[in-house]
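Trainee: Here is how the chains run, residue by residue.
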Amino acid sequence: MGTRQQRKWTGPGPWLAIVALAAGCIIPDLQITEQREVSNPGTVRIVEPTPVTRAANTACDAVPAFADCPNVFDTLPSGELKGQGDLCTCGENQSDDNAPGGFRIFVEDSDLDEEGDPKDDIFGAFLLDVPAGATDLTQFQAYTRAVPPDVPAALEVTAYRTIERDQPRLRVFQVAGNTLGSFDVCNDNDGNELAPGLHELRFVVTDRPWYAPPDPTGDLDDEGNPLRGDALIGVPDLAAGATYASTAFVFRCVDATEPGEALCACFGEEEPT
Amino acid sequence: MRRARALAATTLCAGVLAGGCIIPDYDIETETVQGNPGPVRMVEATNLPLEFADDCAPLEEPGTCSQVPSGRRSGLVVHIDETTGERVPYCVCLEGSADLRTVPEFFIYAEDPDADELYAVALLDLDPQTREPQRFVAYNQHFAPGNTGEVFRVDEADVENLADADKDPDTNLSLLAASIERDDRLVRFRFGKNNGAGADLCNDNNGEKLDAGMHTLQILVTDRPFFRPIRVDAEGEPVIGSDGEPQFDAIQFGMPDLAAGATWSIANYVFECVAGDTEAAIADEDSVCACAPEDN
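Line order of the protein sequences matches chains Z and F. Last residue of the first sequence: number 272 in numbering that gives the first Met the number 0, and the count goes up by one each step with no gaps. Last residue of the second sequence: number 295 in numbering that gives the first Met the number 0, and the count goes up by one each step with no gaps.
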C-alpha cells in the first residue's frame with residue numbers, strides 16, 4: 000500500500016512557534032508553509048506504438064546511435080477491436096474463429112527504488128460496459144482469466160530505446176488467449192457469452208493496489224489504521240496517491256443465429272454457421 | 000601555468016571562506032541529454048465508489064477526491080435520445096442532409112511533468128501500419144491540427160461555475176480537487192466548434208461523409224511540435240534557402256517529432272455510422288436515423 004499523505008512543516012514557522020510558546024503568546028500561521036510528501040511522483044501510463052513516416056525515420060537516423068525512430072513494441076491497437084472478420088456471439092459451447100489472438104498491453108511507470116529498479120507494482124483490470132455514473136465497478140469486472148486483476152504486470156525484459164529521456168522500464172500485461180489461443184470477447188467473458196450489440200471494454204491500470212474501503216466495523220489494525228475490506232477491482236486508490244490510466248476497446252458482437260450479411264466463423268460442438 | 004591557476008583558485012576559495020559568503024549556484028549549469036524526461040499522458044476521470052467520499056475526506060475537503068475534470072471519456076461514443084433514454088444511432092445521410100444527432104463539444108485533458116507546451120491532432124481510422132499518418136488528419140474544423148490547448152490548473156478552476164459539469168451526478172463528488180502527491184497542471188483541448196453546434200461525425204469530416212460502419216477518432220497529443228521534414232532535392236541533399244537556412248516541407252501532423260525526443264499519448268473514441276442515406280429512410284418517420292436537409 001502506498002504511503003498516505005503526510006505533512007511536515009518547513010520555514011521559520013516551527014521555531015517561531017517554539018519561541019512564541021515560551022513567551023506565552025500567540026502568533027499567526029502566515030509563515031508556516033505546508034509541504035506535501037511526494038511518494039509517487041511518476042505516473043502510470045499506457046503506451047502504444049505510433050506510425051512513423053519515412054522522413055521521420057530519416058531524421059532519427061541522424062541522431063547518434065539511432066537508425067530508425069524508437070517506438071513502442073507492436074500491440075493490438077486500442078479503439079475499435081478488430082478480429083479476422085465479424086466478431087460474433089456464437090451460442091453455447093461455440094467459439095469465434097474471427098476473435099483476435101492474445102496480445103500485450105504495455106505500461107510505463109517512472110518510479111524507481113534506490114537500486115534503480117521499478118518501484119511500483121502495476122495492476123490492471125478489464126471492465127465491460129461501465130455506465131457513465133456507475134459507482135460499483137465490481138459488477139463490471141470482466142475477462143479476469145485473461146488478465147487477473149490482482150497480479151502485477153511483468154517487467155518487460157526488452158527495453159525500447161528513447162531519445163532525450165531515460166529508457167522506461169516497461170511493464171507488460173499479457174492478455175492471455177483461451178485454450179485456443181484467442182481472446183474470444185463475444186463468447187468467453189470468464190466463460191460467459193455477451194449479448195449481441197456494441198460493447199466497450201476498458202482496461203484500467205494503476206500503480207497502487209486497488210482501493211479497499213474501510214471495514215464497516217470500524218475496527219483498527221495493529222498499527223491503528225482502519226481495517227480494510229475487499230479490494231474494489233477497477234478503483235484506483237486515489238487516497239493513497241495512486242495514479243491510473245485507461246484505454247478502451249470497442250467491438251460489436253453479431254448474433255450468429257440471425258440471418259444477415261455478417262460473416263461469422265463460429266465453431267465448436269455444433270456445426271459452424 | 001597550472002600552478003598559477005591552482006594558486007588563484009585556492010586564493011579565491013580562501014577569500015570566499017574568509018568573507019563568510021556563499022556562492023550562489025544559479026549560474027552553474029549542468030549539461031544533460033535528458034531534454035524531455037517527463038512523457039506526456041492523457042488523463043480522464045474514472046468512476047468512483049460512494050465510499051470514497053469518506054476515505055478522501057480526511058485528506059481534502061469533505062466530499063472530494065482527487066480527480067481530473069469529468070468529460071467525455073474515451074471509448075464508445077453513443078447518442079442517447081432525450082425523451083426515451085434509449086441509445087439511437089448516428090447516421091450517414093443523403094448528400095445535402097445532415098444528422099441532427101451531433102456530438103456536443105467536449106474537453107480532453109493531458110498532463111506533462113516537464114510543463115512542456117503540448118500539441119494535438121485528430122486522426123480518423125488511423126492505419127497502424129501506415130507510413131503516412133498525416134493523411135488521416137480529420138475534423139480540422141472541430142480540432143485544428145497542431146493546436147496547443149490551454150493550461151488548466153485544477154486548483155485554479157472556478158468550481159462554482161463548473162460545478163454542474165464537473166460533479167459526478169450519482170456520487171455528487173466534486174471532480175475538481177487537487178491531486179494527491181502530484182502537481183495539478185493540466186492542458187485542456189476542446190473538440191468542437193466555437194458555436195457549440197456539435198460535431199456531425201458521420202457527415203462532416205472536413206465536408207466529407209463517412210462510410211457506414213465503425214470508426215475510430217483518435218486524439219494524439221505530443222510534447223514537441225509535430226515533425227516537419229527538411230526539404231531535400233533529387234539527390235537527397237537538403238535544400239538551402241537564400242537566407243542560408245534549410246527549407247522545410249509541410250508539417251506532418253500526426254507524426255510526433257521522435258528525433259527531437261517527443262513523447263506522445265492517445266485517446267480513442269469509437270462511433271458507428273448507420274447507413275441512413277436513402278430517400279425512404281428520410282421519409283420514414285419511424286426511421287432510426289434523424290437526417291434532415293442541411294438548411295434546416
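What the hints contain is simulated information worked out from the structure, not anything from laboratory work. A quick note: this is a predicted structure, and the numbers were derived from the prediction, not measured. There may be inaccurate statements among the hints.
Computed list of chain Z residues with no C-beta within reach of chain F, every gap over 10 Å [claimed, not checked]: (1) Val51; (2) Cys59; (3) Ser77; (4) Glu79; (5) Asp120; (6) Asp149; (7) Gln173; (8) Gly176; (9) Gly233.
Which chain Z residues stay away from chain F? Per the calculated CB distances, all over 12 Å, these [as the list claims (entries may be wrong)]: (10) Glu47; (11) Val62; (12) Asp112; (13) Thr178; (14) Asn191; (15) Phe266.
Computed footprint of chain F on chain Z; a stretch qualifies when at least three of its residues, placed anywhere within it, have a C-beta under 8 Å from a C-beta of chain F [unchecked claim]: (16) 86-92; (17) 129-139; (18) 214-221.
Using N, Cα and C, we set each Cβ at its ideal position, and we do this for glycine too.
Trainee: Look at each hint and say if it fits the structure.
Mentor: Tested hints:
1. Here Z:Val51 does not stay apart from chain F, with its beta-carbon only about 7 Å from theirs, under the 10 Å limit.
2. With a closest Cβ-Cβ approach of about 5 Å to chain F, Z:Cys59 is found to fall inside the 10 Å limit, against its non-interface label.
3. Interface exclusion of Z:Ser77 from chain F breaks down, the closest Cβ pair being 5 Å apart, not more than 10 Å.
4. Look at Z:Glu79: its CB is around 5 Å from the nearest CB on chain F, not clear of 10 Å, so calling it non-interface is violated.
5. Non-interface call for Z:Asp120 relative to chain F: holds, since the shortest CB-CB distance, roughly 17 Å, exceeds 10 Å.
6. No Cβ of chain F comes within 10 Å of the Cβ of Z:Asp149; the nearest lies about 18 Å off, and the non-interface call holds.
7. With a closest Cβ-Cβ approach of about 20 Å to chain F, Z:Gln173 is found to remain outside the 10 Å limit, as its non-interface label requires.
8. The Cβ of Z:Gly176 sits about 20 Å from the closest Cβ of chain F, beyond the 10 Å cut-off, so the non-interface label holds.
9. Chain F draws Z:Gly233 into its interface by the beta-carbon criterion, the shortest separation being 8 Å against a cut-off of 10 Å.
10. Chain F draws Z:Glu47 into its interface by the beta-carbon criterion, the shortest separation being 6 Å against a cut-off of 12 Å.
11. Not every Cβ of chain F is farther than 12 Å from the Cβ of Z:Val62; the closest lies at roughly 5 Å, contradicting the non-interface assignment.
12. Every beta carbon of chain F lies more than 12 Å from that of Z:Asp112, the smallest distance being close to 17 Å; the non-interface claim holds.
13. Every beta carbon of chain F lies more than 12 Å from that of Z:Thr178, the smallest distance being close to 28 Å; the non-interface claim holds.
14. No beta-carbon of chain F is positioned within 12 Å of the beta-carbon of Z:Asn191; the least distance is around 20 Å.
15. The claim that Z:Phe266 is not at the interface with chain F holds, since no C-beta of that chain comes within 12 Å of its own (minimum 24 Å).
16. Chain F is given as covering the stretch 86-92 of chain Z, and this is violated because 0 residues of the stretch bring a CB closer than 8 Å to a CB of that chain, at least three being needed.
17. Evaluation of the coverage hint for the stretch 129-139 of chain Z: fulfilled, as 7 residues show C-beta separations to chain F shorter than 8 Å, against a requirement of three.
18. With 0 residues having a beta carbon nearer than 8 Å to a beta carbon of chain F, the stretch 214-221 of chain Z misses the requirement of three or more and the stated coverage is violated.
Checked against the numbered hints above, the structure violates hints 1, 2, 3, 4, 9, 10, 11, 16 and 18; every other hint is satisfied.
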